[in-house]
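S.K.: Spelled out from the first residue to the last, the chains are:
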Amino acid sequence: MRPRAPERPKKKVFFRRRKVCKFCVDKVDYVDYKDTKLLQGFILERAKILPRRISGTCARHQRMVQQAIKRARHLALIPFTSD
Amino acid sequence: MRTYELVIVADPRLSDEEMVAMTEDYKRMITAGGAEIVREENWGRRKLAYPIQKLNEAKYALLFVKTGDKNPLPEVEHRLRQNDKVLRYLTVRTDLEKIPPTPVEPAVPGAAAAAPMTEER
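Those protein sequences? They're chains A and B, same order as listed. Residues in the first sequence are numbered consecutively from 1, following the working numbering. Residues in the second sequence are numbered consecutively from 1001, following the working numbering.
Honestly, the hints are just simulated from the structure, not real lab data. Misleading hints may appear alongside valid ones.
Said to hold, decoys possible - Straight-line Cα separation of at most 30 Å, DSBU-like style, residue types lysine-lysine; simulated pairs: (1) K27(A) to K1070(B); (2) K27(A) to K70(A); (3) K1027(B) to K27(A); (4) K70(A) to K1027(B); (5) K1085(B) to K1027(B); (6) K1085(B) to K70(A); (7) K1070(B) to K1085(B); (8) K22(A) to K48(A); (9) K1047(B) to K70(A); (10) K37(A) to K19(A); (11) K37(A) to K1070(B); (12) K1066(B) to K70(A).
Given the structure is predicted, the values throughout are model-derived calculations rather than measurements.
So here's chain A without its partners, still in its complex pose (with noise of 0.2 Å):
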């Protein structure tokens, strides 16, 4: 009688909910960079551009998000960085 080999552990199954793309589901085709309520909830603490793995917004509208949060920047309606 051999030991049992340890038990391996289980493959993890976890759900993950499929994130949809906010932009595509509001059917939005601009994103303004004036829209600074907007775009703050697209920037992490450290004032960086929130990747799409977390917001799962396409990649459409990814780039849009981007083109605006960096005009924004530019003129100072949000920050680049928080110091």
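With chain A held as given, fit chain B onto it using these hints.
M.R.: Frame of chain A; chain B shown alone:
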């Protein structure tokens, strides 16, 4: 025939009148150059997200410009760059239809119009 947005971020030490006078100047330049001002917004004094030239606030003005055959904006931009009262500017081509009337009317923090803010720090 294209529409552009032009945002001017100006020195907050300009009085409201000076600010208006300055934007009027640019507007005249634009109309003289064969374009038309479709819409304008004055955001007043706003807090900056980061200091520019050691200033923590600035006055914002926004113009929507519709160009005709000629586009006066390169010339206007050239002048904006030379004006040291202008901290930043941005011109962006837009579809006017896509832009909601005033997306977010930015809140002017505390110091409304009257009190001439001294520059801090």
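S.K.: Indicate, hint by hint, whether the structure satisfies it.
M.R.: Structure-based check of each hint:
1. With a C-alpha separation of about 34 Å, the suggested pair K27(A) and K1070(B) falls outside the 30 Å cut-off, and the hint is violated.
2. Restraint check: the Cα-Cα separation between K27(A) and K70(A) comes to about 22 Å, which is no more than 30 Å; the hinted pair holds.
3. Our distance criterion of 30 Å between C-alpha atoms is broken by K1027(B) and K27(A), whose separation comes to about 35 Å.
4. A C-alpha spacing of about 26 Å is found between K70(A) and K1027(B), which places the hinted pair at or below 30 Å, so the restraint holds.
5. With a C-alpha separation of about 16 Å, the suggested pair K1085(B) and K1027(B) falls inside the 30 Å cut-off, and the hint holds.
6. Taken as a hint, the K1085(B) and K70(A) pair is honoured in the structure, with Cα atoms around 23 Å apart against an allowance of 30 Å.
7. Distance hint between K1070(B) and K1085(B) is fulfilled; the C-alpha atoms sit about 27 Å from each other, no more than 30 Å.
8. A threshold of 30 Å between alpha carbons decides the hint, and for K22(A) with K48(A) the separation of about 19 Å falls inside it, so the pair holds.
9. Note on K1047(B) and K70(A): the hinted pairing holds, with a Cα-Cα distance of about 18 Å set against a maximum of 30 Å.
10. Between K37(A) and K19(A) the alpha-carbon distance is near 21 Å, which keeps this suggested pair within the 30 Å criterion.
11. Between K37(A) and K1070(B) the CA atoms are separated by roughly 36 Å; this puts the pair beyond 30 Å, and the hint is violated.
12. Of the pairs offered as hints, the one joining K1066(B) and K70(A) holds, with about 24 Å between alpha carbons and a cut-off of 30 Å not exceeded.
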